[in-house]
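Line order of the protein sequences matches chains A and B.
Terminal number for the first sequence in the numbering used here: 276, no gaps in between.
Terminal number for the second sequence in the numbering used here: 323, no gaps in between.
One or more hints might be untrue.
With the C-beta cut set under 8 Å, the calculated list includes, among others, these residues of chain A facing chain B [said to hold, decoys possible]: (1) Thr10; (2) Met97; (3) Leu118.
The set of hints was computed from the structure by calculation and includes no laboratory data.
Using N, Cα and C, we set each Cβ at its ideal position, and we do this for glycine too.
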Amino acid sequence: MSTFFADGMTIARRNLIKIKRVPDLLIFATLQPIMFVLLFGFVFGSLAGDGDAAGYREFMMAGIFAQTIIFGATITGAGMAEDMQKGVIDRFRTLPMHPGAVLFGRTLADVANNLLVLVVMSLTGLAVGWRLRDGAVNALIAYGLMLLFAYAFSWVMAFIGLKVRAPEIVNNAAFMVIFPATFIADTFVPGRSLPGVLKTISGWNPVSSITLVAREHFGNLFALQPPGTSRGQLEAATKYTWALQHAELYTLIWIVVMLAVFVPLSIRAYSRAVGK
Amino acid sequence: MSPQPAVIADGLVKHYKTVKAIDGVSLEVPEGTVLGVLGPNGAGKTTTVRVLTTLIRPDAGHAFVAGADVIKQPQEVRRRIGVSGQYAAVDEYLTGYENLEMVGRLYHLPRREAKARARELLRQFRLEDAADRPAKGYSGGMRRRLDLAGALVARPPVIFLDEPTTGLDPRSRGDMWEVIADLVSGGTSVLLTTQYLEEADRLADDIVVVDHGTVIAHGTADQLKDEVGGERLEVTVADGARLDDARRLLERVGHGDADITEHTRRVSVAVRAGTRSLIEGVRLLDEAGVEVKDIGIRRPTLDDAFLALTGHRAEDDEQEAAS
Ligand SMILES: Nc1ncnc2c1ncn2[C@@H]1O[C@H](COP(=O)(O)OP(=O)(O)O)[C@@H](O)[C@H]1O
Ligand SMILES: [Mg+2]
């Protein structure tokens, strides 16, 4: 077990060096959320009407946070696929290292990546008027849970990367799945106002629950309050499923399940995979 | 009691759907010796190495490396081996130094030792100047050297080299041979695969020839060469009337009778001293005033070995396999 952590750190360092040598990835990963904050904030914000554009920007920040960290996990998947394509994985697999260390190191390096992205996004958000209105402790809980969720999800993507072995396919497939998954959720448009089946999907979508956790802990839950509704009415309408009523618990369940299923699956796939 | 062999493979089988990649490979590498595994493309060399280095599990058979069971104790095996695969397993984004230091850390060397060992190997492999550049910019030969250095980081007692010079230009190949020869003189047990008879001849104590996933011959380089016919000195004379003189002179340089092919005006004889025989031949012919159109040492190729050992040519097999 000690080699799991020590070897994992060695691999994490290797992946961070790579980010340093090929900064395009990181630049793209940080520019994209800035672009999203500005684009969504001002384009969708205009729909909310003059008085509420600022409120909308505050509302959607949690959604952009969730979408960005989820997309961040594709870096893990694409990186794993790239490793599988290149010969270096054969070197690792003949070394006396823990079989989970390559995956652990990669997911760990991507937490560092996500941390940086969260900082850049927060600064951009603050610049367009977003505020943390529920204290530092709650904000830290929100950030912590988002990082955990992203970490667990990166094991899912690692598994996909191991199976698919082509970074481009991982990126395209991820886009096809993650894009709808992060839109049919309580992210950019309030889930409660989605039509029919989309509303049901959003109600049980873990992207909604992680977004809601963040939104509540940032104190942004009432940023977009339709005229004539009380806070109580708005909260009740927002939390229209069990998952949303117990957003922290529901999110934690997803985190635990993703880790419990995909950590062993990925390690097994890694141990069995043969390089080229 | 004789010491246990460094590598024992017994009846290894690995099939992929319809392809029998290896079909009962057995071999041994006595401790402190070099075994050359010689075979054409597709013979099953890489598959054998992959099984012995714990990368794939065989469908049948047993193997022990440095006393550990490849199937039951893969982690033990990994502690005792160094591997340099057919495709250089270096991390392109890391520098040469970072690559070796990382490998040292993953062998669980203490940090300081990993760093010192990395520098030492870079010096030894003449990669000092490129040590702090990302491996992405390395030439093919440099990558192979870095990869080989990676195999040596932990000074493992058993080393596997899968086609270490395939695809290299002659100069890099010569460099590589020197490095491997050094290694061997240090007493490490080595299993080396190659498509080149010359390479096996230079580096290996013992040779097994593989074809279609099985071992078809086993012996020392000299034994196999005798079977194949060894090196020959070949001369084409300008004047057909001097063929007989040429034969007489060449028989003084070589062993046994010289062959004459009248219509090509060519004489050839088996020799054992390579370039020295060539020089000697040139001198004798020149002194006797025999004008030479062409002269050279012809070394037996893998094709010759196959022809001698199996009665068919390696290339025909490949075409068969491809069709
Ligand atoms: N993963 C694989 N899937 C299918 N066939 C394979 C695989 N690996 C090797 N083979 C086949 O097994 C045979 C032996 O391959 P290999 O061991 O790479 O030969 P060599 O290294 O001697 O060139 C070849 O016909 C090759 O195509
Ligand atoms: Mg091969």
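Exercise. Under the criterion of a CB-CB separation shorter than 8 Å, is Met97 (chain A) in contact with chain B as hinted?
Worked result: Holds: closest Cβ of chain B sits about 5 Å from Met97 (chain A), inside 8 Å.
**Asked** Should the interface hint for Thr10 (chain A) be scored as holding, given a Cβ-Cβ cut-off of 8 Å against chain B?
**Response** Interface hint status for Thr10 (chain A): holds (5 Å vs cutoff 8 Å).
Could you check if Leu118 (chain A) really has its C-beta closer than 8 Å to a C-beta on chain B?
-> violated (25 Å)
Consistency with the previously given hints fails for number 3 only.
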